[in-house]
Amino acid sequence: MYILICDDEPAVARQVEQLARQHLEQRGIPVQCAVCTRGEEVLARTDLAQYQLALLDVDLETMTGIALGRRLKQQNPELVLVYISAYLEFAPEGYTVRAFRYLLKRDMERMLPSCLDAVLAEHSRECRTLPIRQGRRETEVPLDQIYYLESDLRKINVYGETLHKPLCSYYGKLTDLPASLQEDGFLRVGRSFVVNMRYIRQISNYKVMLQNGVELGVSRNGYAAIRGAYLEWKGQFGDEL
Amino acid sequence: MSYELKMKLLMHLVCIVQWGVFALIHWEMLGKGKWKHPFACTVLALCGMLVISLWIDFGFFNAASIAFNVLYLLVTSAFFGGTIRQKLMACMVNGVVCLLTENTVIYLYTYLEAVPPAQVIRQPLGVLLMAAAMLIVGGITAQMAKHWGQKQALEPLQLVVAMFFPGVVVVLNMLLMVSGGRFDATQFSVLFTVGLTVAVLVHLLFVQMLNEQVVQKKDSQYRATLEQERAEALMESYTTQRRLTHEFANHLEALSLMLQQNDVAGARGYLTSISKTIQMNSAILNTHNPLLDALLSKKYEEAARKGVMMYFDLSDLKDIPLDRTHLVIVVSNLLNNAIEAAAQAAPPEVHVRMKKTEGELVISVRNRVRQNVEIPEGQLPRSTKREPGHGMGLANVCAVLEAHNAEYTLSCRDNWFRFTCAFPTNGI
Chain A
274 MYILICDDEP AVARQVEQLA RQHLEQRGIP VQCAVCTRGE EVLARTDLAQ YQLALLDVDL
334 ETMTGIALGR RLKQQNPELV LVYISAYLEF APEGYTVRAF RYLLKRDMER MLPSCLDAVL
394 AEHSRECRTL PIRQGRRETE VPLDQIYYLE SDLRKINVYG ETLHKPLCSY YGKLTDLPAS
454 LQEDGFLRVG RSFVVNMRYI RQISNYKVML QNGVELGVSR NGYAAIRGAY LEWKGQFGDE
514 L
Chain B
428 MSYELKMKLL MHLVCIVQWG VFALIHWEML GKGKWKHPFA CTVLALCGML VISLWIDFGF
488 FNAASIAFNV LYLLVTSAFF GGTIRQKLMA CMVNGVVCLL TENTVIYLYT YLEAVPPAQV
548 IRQPLGVLLM AAAMLIVGGI TAQMAKHWGQ KQALEPLQLV VAMFFPGVVV VLNMLLMVSG
608 GRFDATQFSV LFTVGLTVAV LVHLLFVQML NEQVVQKKDS QYRATLEQER AEALMESYTT
668 QRRLTHEFAN HLEALSLMLQ QNDVAGARGY LTSISKTIQM NSAILNTHNP LLDALLSKKY
728 EEAARKGVMM YFDLSDLKDI PLDRTHLVIV VSNLLNNAIE AAAQAAPPEV HVRMKKTEGE
788 LVISVRNRVR QNVEIPEGQL PRSTKREPGH GMGLANVCAV LEAHNAEYTL SCRDNWFRFT
848 CAFPTNGI
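Chains A and B supply the protein sequences, listed in that same order.
274 is the number of the first residue of the first sequence in the numbering used here; add one for each residue after it.
428 is the number of the first residue of the second sequence in the numbering used here; add one for each residue after it.
Simulated from the structure, these hints should not be mistaken for lab results.
Don't take every hint at face value.
[Claimed, not checked] Simulated DEER-style distance windows between Cβ atoms:
#  : chain 1 : residue 1 : chain 2 : residue 2 : range
1  : B       : Ala490    : A       : Ser477    : 53 to 61 Å
2  : A       : Glu434    : B       : Asp841    : 27 to 35 Å
3  : B       : Leu471    : A       : Leu393    : 50 to 58 Å
4  : B       : Val587    : A       : Asp380    : 30 to 38 Å
5  : A       : Asp512    : B       : Asn763    : 44 to 52 Å
6  : B       : Val642    : A       : Arg493    : 31 to 39 Å
7  : A       : Pro303    : B       : Gly734    : 46 to 54 Å
8  : B       : Gln585    : A       : Leu393    : 50 to 58 Å
9  : B       : Leu471    : A       : Arg493    : 21 to 29 Å
10 : B       : His464    : A       : Leu426    : 40 to 48 Å
[Unchecked claim] What the simulated footprint calls covered on chain B by chain A, stretch by stretch (three residues with Cβ under 8 Å from a Cβ of chain A suffice, anywhere in the stretch; the number is not a length):
#  : region
11 : 524–538
12 : 782–790
13 : 823–837
14 : 840–853
Positions of the beta carbon are idealized from the N, C-alpha and C atoms, including for glycine.
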């Protein structure tokens, strides 16, 4: 695993490296660490794309860890950010970056191993795509491109951002979709539709309104359960778009 | 259709009303359980009972019919929710309602119309009066049971003692019902029946008054705990601040000495180091909501003491649609439960997320559990603690959610318990 570590206190940075290396190597995972004490030093690296995890301090001397994290994410969207800070500052503007965890420095020894396990579990999940078989051809559609799936007789239409124009269509049933889709934020909202919850704008009056303006009918029987499932998803991932 | 059959069907009108009332009271007292369609199951059981009763002809108000009804009560209570103790309690209430109402009507009718008790069921007016009385009393009892269910605060032992007298009355009424048909009604038997009914009503009134007292006592105990929780959180924060203020004097002295010696670089370095130390020593987080910061910091420390890892993902929560009391109720109860459950799980983790968007404040608490908890129909799970007074916290969280018209959901799967609620911000 390739890990980036940035803390303006060299001793802390070394401690983080030691803890991460020790824990991951115990699990048989080879570790390559890059340890930096300044944000600029990190950004100057030419090999940023290969890193999978960044353990960053929030209070760096010349730039904030949040700004650094945002820049790193722009270059490598798959990078997992974990902030290790003396103090968790959620106000006034808060941590406006999609971080995996925020840890307190004083509890680093206790909490970093468990956090690394969670990062590993996250990595071990399959790449987020929907496998599609069209005749003899097999393709994969990235889940974040899918707004919703529609069952149309014996076919399934996969819709993206563009209205009324499916990304692709294939023969199949909604019931045959992989069960992991639910974990990835997809929700069945009626007999004919499965929706990607990250693109829901609102659920009201027995309708699901998507961010691209599409409105889908919701079954009355399952309406409360659908609202509940969406609320739970919002609670866990709500603002991470 | 022969006259005999017509009369038989008319007499069974009392049974049908009575069985319907049983279902209504079961529903109000027990709610929905594992069975998806409890009323449909009850209707099926009712039809089965009717067919058996018409086929075998047990007769009315005798030992066989009473045993048949007790069996029906026990079977139908299984279609609804609640624990075994609650089911038995619901059966007992149904028994009290049914026996007292029917005996009172029978003996009053007997006294006024001068007919033997056994003949009341054979007279259309008697049947209609009994059915109407059952319907009215059953409806009122169902409403009272609903109200009682929301306010019930007696401990199991207190409830058993409270139900002892109605239990005795049920047995007496059974004896009266079984033996009554053989004798003509006397002034004594009428007075005895009506007297028992009045005595039960007065007894229930006393139980209600006792319950009100217990509710008040628990409520004030709970408020005191809340206040204590709030005060402790703020006190911890205050003590830390005082310690920091004391340390400030030492830091200022050191800085002053460095500046006197023109050691500006040293002073600057010292300032950087102490600013981090100060942050580390104060509350662990800042959301611009001092009470919430104090509460979450306190819960974080409590979790750490129990070996539970607590992760936060929050936003600026200066303006939220909850007043201080409601905030303490929701946060303290949810986190107490989460920490307690996570402490027994592996890995012991609690994730707290509070995000305020344009239209709502979404609170999500996720924690690991040792084993999945069954949650009926998205309700708050029942307390597993047995000590007196426990369970008020969850009920109070529910009350706050309802007061704010908040939506909430619970789930438990893959050893994760998740509670999520959304409070409308109403433009805050």
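Flag every earlier hint the structure violates by its number, smallest first.
Of the numbered hints given earlier, those the structure breaks are 4, 5, 7, 10, 11, listed in rising order.
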